[in-house]
Amino acid sequence: MTMDKDQYKVSNQPFYQAQGDEVTLYEAAYAARLPVMVKGPTGCGKSRFVEYMAWKLNKPLITVACNEDMTASDLVGRYLLDANGTRWLDGPLTTAARIGAICYLDEIVEARQDTTVVIHPLTDHRRTLPLDKKGELIKAHPDFQLVISYNPGYQSLMKDLKQSTKQRFTAFDFDYPSNAIETEILSKETGIEKELAGKLVKIGQAARNLKGHGLDEGISTRLLVYAATLIKGGVDAKAACRMALVRPITDDADIRDTLDHAIDATFA
Amino acid sequence: METVTIPPELEAYWKALDCGFPRVQPVFEDCMKEALTKLSNDGIDAYLEYARFLGKMGRGAEPILIFLEEWPGVAKILGEDALPAVIECVRRMYKSPNGKAITPFLQSLPSVARRLPTQPQLQEYLTLLLDFMERTTGSVHGIHQTFPSPGLPEMFKQIPVLLAQLSLGGLTAWVDYGVRYYGDHPERQVEYFSLQSADSRAVLQRERHGTLLMDNERKLDMYLRSLWQEEDLLIPYSNTGEELHKVIPYFDKLGIRVPDVYDDARGVTGIDRYRAVLAHIVAHRRWTTPVHADNMSPFQRMSVECFEDSRVEYLAMREYPGLRRIFLALHPTPDEFACDPEKESGVRHRLTMMSRALLDPNHVYQNQHIKNYAQRFNDLMQKGDSSMEEMADLAVSFVARTRRQSDQLPKTHFKDTEIDYRDDNRHMWLFYEDSDDEEMFDEKRQQAAEELTQGLPPRHYHEWDYNNQSYRPDWVSVYESLHPKGKASDIDKLLEKHSALAKRLKKMLDMLKPQDKVRIRYQEEGSELDLDVALRSLIDFKGGSAPDPRINMSHRNDGRNIAVMVLLDLSHSLNEKASGSNQTILELSQEAVSLLAWAVEKLGDPFAIAGFHSNTRHDVRYMHIKGYSEHWDDEVKGRLAAMEASYSTRMGAAMRHAAHYLEQQQADKKLMLILTDGEPADIDTKDGRILIEDARMAVKELDQQGIYSYCINLDPKADEYVSDIFGKQYTIIDKVAQLPEKLPELFISLTK
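So the sequence lines, in the order shown, correspond to chains A and B. Under the numbering used here, think of the first position of the first sequence as 1, with each following residue one higher. Under the numbering used here, think of the first position of the second sequence as 1, with each following residue one higher.
Hints are computed from structural coordinates only; laboratory data are not their basis. Just so you know, not all the hints are guaranteed correct.
Okay, derived cross-link-like pairs now, EDC-like style, lysine to aspartate or glutamate, Cα gap no bigger than 20 Å in a straight line [stated by the list, open to error]:
{"no.": "1", "chain 1": "A", "residue 1": "202", "chain 2": "B", "residue 2": "528"}
{"no.": "2", "chain 1": "A", "residue 1": "133", "chain 2": "B", "residue 2": "217"}
{"no.": "3", "chain 1": "B", "residue 1": "219", "chain 2": "A", "residue 2": "82"}
{"no.": "4", "chain 1": "A", "residue 1": "211", "chain 2": "B", "residue 2": "207"}
{"no.": "5", "chain 1": "A", "residue 1": "133", "chain 2": "B", "residue 2": "720"}
{"no.": "6", "chain 1": "B", "residue 1": "686", "chain 2": "B", "residue 2": "720"}
{"no.": "7", "chain 1": "A", "residue 1": "194", "chain 2": "B", "residue 2": "231"}
{"no.": "8", "chain 1": "B", "residue 1": "219", "chain 2": "A", "residue 2": "252"}
{"no.": "9", "chain 1": "A", "residue 1": "133", "chain 2": "B", "residue 2": "319"}
{"no.": "10", "chain 1": "B", "residue 1": "219", "chain 2": "A", "residue 2": "74"}
{"no.": "11", "chain 1": "B", "residue 1": "542", "chain 2": "A", "residue 2": "82"}
{"no.": "12", "chain 1": "A", "residue 1": "202", "chain 2": "B", "residue 2": "319"}
{"no.": "13", "chain 1": "A", "residue 1": "211", "chain 2": "B", "residue 2": "217"}
Bear in mind the structure is a predicted one, so any value in this text is a computation, not a measurement.
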């Protein structure tokens with residue numbers, strides 16, 4: 001079976017601002033084909049990082065957004081019915097293992113715990129994927145690597161990884177970048193001025209201070225980028241901030257009021 | 001007393017007044033001259049005519065004196081034609097036994113006129129007064145009113161305070177409350193209307209206008225946390241509206257003190273005024289280092305405070321430029337030439353101008369010193385954060401440059417010099433020597449008071465009053481405690497006695513136990529292919545008919561997630577023998593609750609038990625028997641065994657208190673079972689309906705919190721009231737002897 005590998009390649013260089021030595025560390029992990037886990041709050045640049053690394057290493061990247069309804073067969077593959085009977089269709093994980101891609105399971109805790117167990121044989125020395133329904137044992141392509149991302153912020157018993165899954169990965173801990181770097185990211189990504197970017201970051205900080213006091217998560221870098229994009233597109237700065245930064249993250253009137261005030265206080 | 005001759009041009013007026021009180025004569029000239037400038041000719045006639053009436057009333061010289069002095073000023077605000085209505089009101093008081101209230105009424109007129117400056121408002125106010133008077137003037141046999149209203153004169157004394165804080169509507173509600181609850185209790189009525197009693201203040205608080213701290217505490221906490229990464233207790237203080245005792249915000253090691261209410265002012269909303277205060281205080285905490293004050297004169301200190309306040313605000317605005325709008329709006333702008341330095345001390349005026357100039361780069365002051373120092377201040381700030389020491393140097397030299405002889409004058413120019421969002425800067429100063437200031441005495445006394453507190457303080461709950469469809473604020477005090485312990489083995493014996501029933505229950509419980517995974521078949525989308533169905537579909541398909549696409553199956557978690565609270569009525573009536581049984585209701589309840597607790601423990605639902613009884617609204621006792629974190633162990637059994645019944649049943653407060661525990665449980669469903677043997681009642685409540693209506697309101701509140709309340713009533717006559725309270729959520733158990741059997745069964749069927 002031939003498969004167009006190139007469709008999974010990341011063609012243009014994604015913008016990624018390194019926060020530390022994560023790029024070299026990832027390269028080292030890939031060299032040894034160690035599975036990688038990327039942890040961090042939502043919108044802090046996990047997916048962007050993986051995309052950037054796939055581009056840098058020039059490997060195909062297959063991304064799966066995990067959800068609660070996802071089953072093992074959604075990852076591995078399943079028999080479908082067609083006119084002549086049944087036909088096997090590879091799932092994304094199987095495809096990645098066959099063609100030697102980086103398989104990125106985004107927000108893996110959203111999937112049910114028993115689902116994620118199917119990745120185990122691929123993540124240790126075996127590097128195989130048994131397709132029991134089909135009766136096939138796939139040996140992973142030498143270029144294949146598994147990356148998962150996971151947001152530990154949920155703090156819920158239901159949304160956690162099994163120990164046996166966790167212990168198969170090397171891990172990066174991401175967080176929102178420092179003020180200076182985040183300002184840089186905003187201005188480079190959207191082309192707004194540094195001073196404006198600094199103000200947006202300040203509002204972001206104000207919201208992050210409320211984490212655990214009514215907010216589950218602060219304003220993410222991604223939302224800051226949205227706000228910057230709106231402002232770049234000609235929207236009034238305060239309106240853009242309210243729309244992109246405050247309204248999405250909370251329904252709590254008190255928090256909304258406080259953050260609206262933070263916006264008013266920051267933009268004189 | 002010396003006699004003063006009336007000037008000839010006023011002779012005619014004096015005659016018209018026809019007043020023989022010696023005290024009136026000396027003031028007449030001044031009053032009349034004022035009246036002549038402020039009143040029209042007709043107004044003067046009416047003025048004298050009614051003054052004469054007041055003089056002839058037989059109430060001494062007070063009324064006429066006050067009237068002569070105050071009316072011209074009041075007429076200026078309200079208009080002269082308001083006079084007949086006012087006098088009519090006086091007449092009504094005069095004709096009733098309330099003559100004593102006339103003097104305070106006239107005395108309160110000027111402040112009333114300031115707060116209610118239009119005639120319709122005044123009219124409404126007078127109507128309110130007359131109504132109040134009518135309702136509180138006592139009569140013996142219902143025909144003649146013989147006793148004066150005790151509250152009326154008291155209220156006139158408080159009117160300035162009241163109107164400073166309440167709108168007319170609020171005042172009406174406040175008066176109404178007092179008349180309703182204390183109409184037949186003269187001493188309490190006096191306490192209420194003189195603002196002495198706790199609920200008088202509580203109702204006042206409720207009816208106030210403006211932005212209450214109470215409602216916005218969370219918002220302000222978040223403001224501190226999110227914009228300033230600070231955290232501190234906000235402690236409210238009350239300004240009673242008296243200018244003399246005005247407290248300004250401050251902070252100390254116990255927390256930040258802010259007023260309990262802010263009205264909108266100068267185009268700034270109340271909440272933004274709070275934020276301005278907090279921003280200013282936080283800026284001090286961040287950037288001010290205290291210095292020693294002993295070697296500075298009071299003027300120098302004032303000046304240092306002014307410059308330092310401006311510096312920290314400058315830094316705060318550098319952080320959040322949007323604060324400038326609020327500060328600018330709140331900071332007064334004194335007129336440069338308003339203060340005459342020959343006649344009054346201009347220290348405050350000068351410093352406020354300076355502070356304004358430091359805050360507002362677009363100020364219009366021409367004074368060279370002010371311009372010069374504003375420039376020097378800005379130069380310092382351009383270089384960095386500057387410091388308290390630099391500000392002190394600047395401030396001291398400012399005082400030296402601008403000092404005047406007249407600064408020592410006793411009369412100080414105060415207009416537009418009050419910057420009300422700034423704190424009192426007590427944190428800014430260190431002293432080498434301890435003084436014997438009042439505050440230092442204060443500190444010691446507070447420590448002594450803290451030592452006295454022991455045990456849990458009461459929690460206050462409101463109570464619903466159906467008569468006027470409103471809550472009585474903080475009406476009921478609930479004291480909670482752990483129930484005393486008894487012998488746990490007693491409960492084990494009870495359970496043994498019911499072992500046959502327990503076995504039957506166990507079977508039912510096994511059926512109820514969560515099965516966890518349940519298979520759902522016939523799904524178009526599912527986790528697995530359902531082979532049987534899939535093959536059937538395939539055959540259909542090959543056979544040429546339409547295949548069923550629902551060939552998958554999936555699983556569903558089937559868990560129980562119910563938190564339960566059992567609230568036991570432990571009132572005295574439980575000591576009675578149950579009909580058809582030789583056990584008391586208390587013993588039967590004990591058995592029933594034991595069985596229930598045993599059953600729920602088996603099921604694994606989070607479960608708590610508490611008992612309550614009440615002895616008037618001041619003493620509702622809520623006793624923990626089993627908490628959510630405890631298991632059904634000897635400790636709990638011991639408490640259940642020691643259960644005793646006494647006092648009465650104030651159900652609403654106990655339910656509200658129990659609900660605040662149940663609410664914190666994380667569960668999909670929350671169930672409160674209330675086991676009682678009679679209707680809510682208490683010895684301090686004459687109208688039994690009130691507590692029934694309150695309990696019904698409590699059920700509604702619980703419903704809003706997502707708590708399902710269910711009543712198990714042992715009173716055979718309960719039909720009359722129980723459905724009023726619980727709607728359809730109740731069971732009446734006629735044969736109390738069956739309770740141990742019924743209760744767990746009921747629970748099981750409720751939670752199936």
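To see whether the hints hold, each was checked on the structure:
{"no.": "1", "hint": "A:202 to B:528", "result": "49 Å, violated"}
{"no.": "2", "hint": "A:133 to B:217", "result": "61 Å, violated"}
{"no.": "3", "hint": "B:219 to A:82", "result": "61 Å, violated"}
{"no.": "4", "hint": "A:211 to B:207", "result": "35 Å, violated"}
{"no.": "5", "hint": "A:133 to B:720", "result": "67 Å, violated"}
{"no.": "6", "hint": "B:686 to B:720", "result": "18 Å, holds"}
{"no.": "7", "hint": "A:194 to B:231", "result": "30 Å, violated"}
{"no.": "8", "hint": "B:219 to A:252", "result": "10 Å, holds"}
{"no.": "9", "hint": "A:133 to B:319", "result": "63 Å, violated"}
{"no.": "10", "hint": "B:219 to A:74", "result": "46 Å, violated"}
{"no.": "11", "hint": "B:542 to A:82", "result": "10 Å, holds"}
{"no.": "12", "hint": "A:202 to B:319", "result": "9 Å, holds"}
{"no.": "13", "hint": "A:211 to B:217", "result": "18 Å, holds"}
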